[in-house]
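Hey, can you work out the whole structure from these sequences and the hints?
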Amino acid sequence: MSTIDYSVKIPNNVDLSGDRTLQRALESWQPNFIKWWDDVGPEGSTHYDVYLRTAVSVDPQGWAQFGYVKMRDYRWGIFLNPAEQDRTIHFGDHKGEKAWQEVPGEHRANLRRIIVTQGDTEPASVEQQRHLGLTAPSLYDLRNLFQVNVEEGRHLWAMVYLLHKYFGRDGREEAEALLERQSGDENNPRILGAFNEKTPDWLSFFMFTYFTDRDGKFQLAALAESAFDPLARTTRFMLTEEAHHMFVGESGVSRVLQRTCQVMNELGTDDVNKLRAAGVIDLPTMQRYLNFHYSVTIDLFGADQSSNAATFYSSGLKGRYEEGKRADDHALHDQSYKVLEVVDGKLQEKDVPMLNALNEVLRDDYIKDSNAGVARWNKVMEKAGIDFRLSVPHKAFNRQIGALAGVRMSPDGRPVTEQEWESRKNEWLPTDGDRSFVASLMKQCLAPGKFAGWIAPPVMGINRQPVDFDYVKFQ
Amino acid sequence: MTTTTLIANGILNQHLIDPEICIRCNTCEATCPIDAITHDDTNYVVMADKCNGCMDCISPCPTGAIDNWRKVPAAEPYPIDAQYGWDELPPALSAEQLAAAASDVQDLSQAQAVIAAAAESTGSGTGSSTSTRASASSASSVEQSVQESFRAASFGATVPPWSAAHAYTNLHGPKNPVTATVVGNINCTEAGFDNETHHIVLDFGSMPFPVLEGQSVGIIPPGTDATGRPHVARQYSIASARNGERPGYNNAALTVKRVTADHEGRPVRGVASNYLCDLKVGDTVQVIGPFGHSFLMPNHPRSHIVMICTGTGSAPMRAMTEWRRRLRKSGKFDGGKLMLFFGARTPQELPYFGPLQSLPKDFIDNNFAFSRVPGQPRRYVQDAMRERAADLAALLRDENTHIFVCGLKSMEEGVVLALRDVIVQAGMDWDGVAARLKQQGRLHLETY
Ligand SMILES: Cc1cc2nc3c(=O)[nH]c(=O)nc-3n(C[C@H](O)[C@H](O)[C@H](O)COP(=O)(O)OP(=O)(O)OC[C@H]3O[C@@H](n4cnc5c(N)ncnc54)[C@H](O)[C@@H]3O)c2cc1C
Ligand code: SF4
Ligand code: SF4
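For the record, the sequence lines run as chains G and B.
For the first sequence, UniProt numbering puts the final residue at 475, and the numbers step up evenly by one.
For the second sequence, UniProt numbering puts the final residue at 448, and the numbers step up evenly by one.
Calculated directly from the structure, the hints in this document are not laboratory data.
Hints may be right or wrong, so weigh each one.
Here are the simulated DSSO-like pairs of lysine-lysine, each with C-alpha atoms no more than 30 Å apart in a straight line [to be verified]:
| # | chain 1 | residue 1 | chain 2 | residue 2 |
| --- | --- | --- | --- | --- |
| 1 | B | K332 | G | K450 |
| 2 | B | K257 | B | K409 |
| 3 | B | K332 | G | K473 |
| 4 | B | K409 | G | K368 |
| 5 | B | K50 | G | K217 |
| 6 | G | K383 | B | K329 |
| 7 | B | K361 | G | K70 |
| 8 | B | K361 | G | K473 |
| 9 | B | K409 | G | K473 |
| 10 | G | K450 | B | K329 |
| 11 | G | K325 | B | K438 |
| 12 | G | K450 | B | K50 |
Here it is, written out as structure tokens:
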């Protein structure tokens with residue numbers, strides 16, 4: 001296993017110093033990255049010492065090192081999971097052949113597109129979260145935000161490495177463009193819709209890290225199966241880091257729920273106005289935020305039928321989630337899959353060739369995974385003896401992409417008229433009023449061990465540190 | 001990361017995942033080198049028959065859910081199917097339940113669950129020898145060699161910390177030893193290694209045998225030596241807290257390393273240590289003591305304790321840590337810090353390694369040093385001390401800090417030199433600091 005040479009600018013386990021050209025290319029990209037970080041990274045955080053987890057190598061001992069780091073000095077670097085000897089392609093039409101160590105000419109354009117799209121999401125979320133530190137509900141949460149931010153930064157590095165190393169000049173240009181597009185920028189926005197939405201408050205952030213970073217997990221998991229070995233190894237390692245982001249989301253929402261339930265029990269009420277007056281986020285608002293983030297995120301998987309998805313799979317570029325654990329022929333030629341469509345105002349299922357439905361397959365895997373977490377959130381209410389349960393809305397609710405785009409659907413899966421939609425959408429999706437109420441709670445709370453009134457403390461600290469540990473030290 | 005011992009005397013320390021905290025992120029499953037982790041749609045679980053306690057999965061887990069352990073009879077681990085159905089971890093089995101299931105482990109199972117710091121040897125060691133020697137006819141060669149000792153030994157205090165509790169010594173001499181009953185004997189290092197170390201619990205019944213952390217007892221092995229005379233007693237540090245290994249009972253624990261080679265490495269069967277390690281629950285032992293009146297822990301709530309030990313030198317450290325742990329549970333000692341430097345040749349040889357690692361970080365600051373891990377540079381306690389020089393120096397500036405060193409004789413010089421370096425580098429005056437440490441009973445050396 002490679003160990004990291006700290007004397008180099010760019011820590012890596014890919015023998016960067018043995019490839020002068022690449023090293024120079026990345027070293028010239030690096031100042032732009034730092035400039036990007038300074039310009040649109042976490043606001044006002046440059047001098048903070050943050051208790052971060054840093055990867056220094058990819059073995060279990062090396063990738064989770066904890067200590068105080070200034071984020072600008074975080075060891076952004078290039079880490080690939082160790083190569084598997086003689087790895088073979090295990091799905092698609094090239095099944096059984098040797099995995100590719102170089103990019104095959106005929107797949108170059110597609111691979112580049114996949115990598116650029118993945119890469120584009122990473123800096124985007126840092127940009128979206130830029131101002132959140134100013135309203136952090138605790139030091140602990142602030143640290144978690146920063147951890148998410150630096151790891152997104154490293155994931156960008158991972159993709160940039162692939163672009164530089166395997167895509168020549170085009171790759172270098174794409175790598176530059178990654179720092180030029182900007183989330184929400186009208187003229188030069190990020191590639192995917194969800195990454196141009198604002199993350200205005202911490203509830204949005206928790207929902208985002210729960211739902212949207214989970215999309216990241218599924219996309220990375222599908223890429224980790226790729227026949228293009230460097231991509232597979234890169235994304236596999238990214239997955240280990242991604243876990244922390246989902247943790248922030250899952251536990252964040254759970255803590256908000258816990259605090260709300262506590263106040264509901266103290267005041268003996270479920271009256272939304274009384275609860276808001278008491279400074280906690282009422283459960284119906286939680287449900288509306290959930291509806292929004294869930295529906296926006298499942299759009300990220302793309303159209304339910306896609307010939308690109310079929311090509312990506314058959315040519316071995318992108319597999320399914322846990323491809324290796326599935327017991328079918330891994331070619332999928334004669335199989336079919338059910339997707340939803342609307343006929344005469346009614347939803348119905350139809351069979352389509354499985355290969356064309358792979359986006360939907362991945363989306364369904366995702367849905368199952370995110371549902372399981374929602375069930376765990378419901379345990380919070382159950383334990384507190386409160387008769388309210390969150391649920392994910394119907395797959396067709398509030399969709400903008402694919403066959404269901406624009407279909408008017410209630411969260412429980414009933415087609416509704418435009419009129420009903422208009423009159424009830426404020427019940428289903430966060431209103432301006434909801435958002436400004438949530439925003440009104442967002443006040444910085446940074447004394448060690450103190451938490452804003454709308455969120456409960458976590459069960460345990462990071463890396464076994466106590467909850468009131470000094471997770472961020474300000475100069 | 002190193003391994004943790006999973007099975008001792010029929011008790012399995014079963015590795016479990018807390019379903020209430022786990023977010024099902026798959027990191028642990030992806031990390032485990034031997035595929036001991038799996039999942040269904042609800043839970044991530046560890047297969048008891050596969051997990052070897054390598055601890056690789058511990059630090060990558062983003063939630064801490066992975067770091068859960070439960071004592072169960074080795075023959076009855078929680079099966080995978082049961083774990084899939086859990087909403088939360090089952091309550092820990094009581095000592096009685098475990099004892100009932102696993103014949104011979106009663107107090108011991110509890111002992112292991114209750115964590116360990118090191119035990120310091122009795123006040124008989126380096127500095128405070130006279131009374132001990134008088135009491136124990138075991139004025140053994142070991143003790144004499146300690147007397148010759150290193151220059152380093154002259155820095156050790158002969159007085160206890162001002163806030164130490166009063167110690168009883170020499171209540172029972174070799175002429176009137178106490179008969180104690182073995183109520184537990186487990187291997188507290190990884191089984192199958194040459195340097196097996198046992199955690200042995202002795203019950204004194206209704207005989208008075210009050211001990212403090214840092215004291216030691218003498219054990220008289222049965223039989224006679226080569227010259228036909230009864231064996232002399234060997235000393236062993238108390239490894240349990242003052243109110244007993246099992247609180248409220250008249251018992252105490254020892255940490256005994258099985259000696260299988262002499263100091264030069266020639267094979268030899270140490271008389272007392274092998275006798276002790278082979279004892280069965282219910283056997284009786286002749287005990288003398290207690291010994292030691294200066295290697296005693298400070299008791300005031302702001303006192304910090306720096307513990308530096310190797311091997312069975314951990315016995316007094318375990319005792320002090322455990323007492324602090326119990327006090328802390330009752331809300332005392334919030335300001336007092338514990339910092340431990342613990343050396344061994346390999347993680348497998350480290351007594352109490354697993355339990356020690358599961359103590360909260362804000363309670364004890366653990367630093368391990370291993371000198372014989374294949375493929376890794378040798379690291380000794382003094383290396384670890386130098387690495388933590390900044391934090392050590394901060395503690396040394398504080399008059400509430402007490403330092404205890406215990407273990408093999410050969411560690412003493414290196415440790416004292418490292419202390420000196422830390423002090424000098426921090427811009428303090430070594431002679432002055434060393435003199436105060438000694439006069440105020442704040443630096444204690446106990447090596448054998
Ligand atoms: C104050 C004090 C506290 C002690 N506390 C503990 C304790 O908590 N736990 C513990 O296990 N021991 C402790 N010892 C050491 C213990 O008293 C015995 O010396 C040790 O157990 C060996 O005794 P034995 O009868 O097994 O070997 P012996 O039969 O006495 O000796 C056999 C041979 O081994 C050599 N030898 C003795 N001890 C060791 C050793 N540790 N390593 C390698 N070779 C050795 C002897 O020189 C001799 O050549 C302590 C000693 C002192 C002075
Ligand atoms: S301790 Fe080691 S063997 Fe056990 S589950 Fe964790 S990684 Fe796997
Ligand atoms: S790594 Fe931790 S949180 Fe993730 S699945 Fe394993 S136990 Fe659960």
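Status of each hint after checking the structure:
1. B:K332 / G:K450: With Cα atoms ~22 Å apart, K332 of chain B and K450 of chain G stay inside 30 Å; holds.
2. B:K257 / B:K409: Status holds; Cα separation ~15 Å.
3. B:K332 / G:K473: holds, 28 Å
4. B:K409 / G:K368: At roughly 61 Å apart (the allowed maximum being 30 Å), K368 of chain G and K409 of chain B break the hint.
5. B:K50 / G:K217: With a Cα-Cα distance of about 27 Å, the restraint between K50 of chain B and K217 of chain G holds, given a limit of 30 Å.
6. G:K383 / B:K329: Cα-Cα ~27 Å, so holds.
7. B:K361 / G:K70: holds, 23 Å
8. B:K361 / G:K473: holds, 19 Å
9. B:K409 / G:K473: Roughly 42 Å between the alpha carbons, so the hint for K409 of chain B and K473 of chain G is violated.
10. G:K450 / B:K329: holds, 22 Å
11. G:K325 / B:K438: Violated, because 65 Å separates the two Cα atoms, which is more than 30 Å.
12. G:K450 / B:K50: violated, 42 Å
Hints 4, 9, 11 and 12, counting from the list given before, are not met by this structure.
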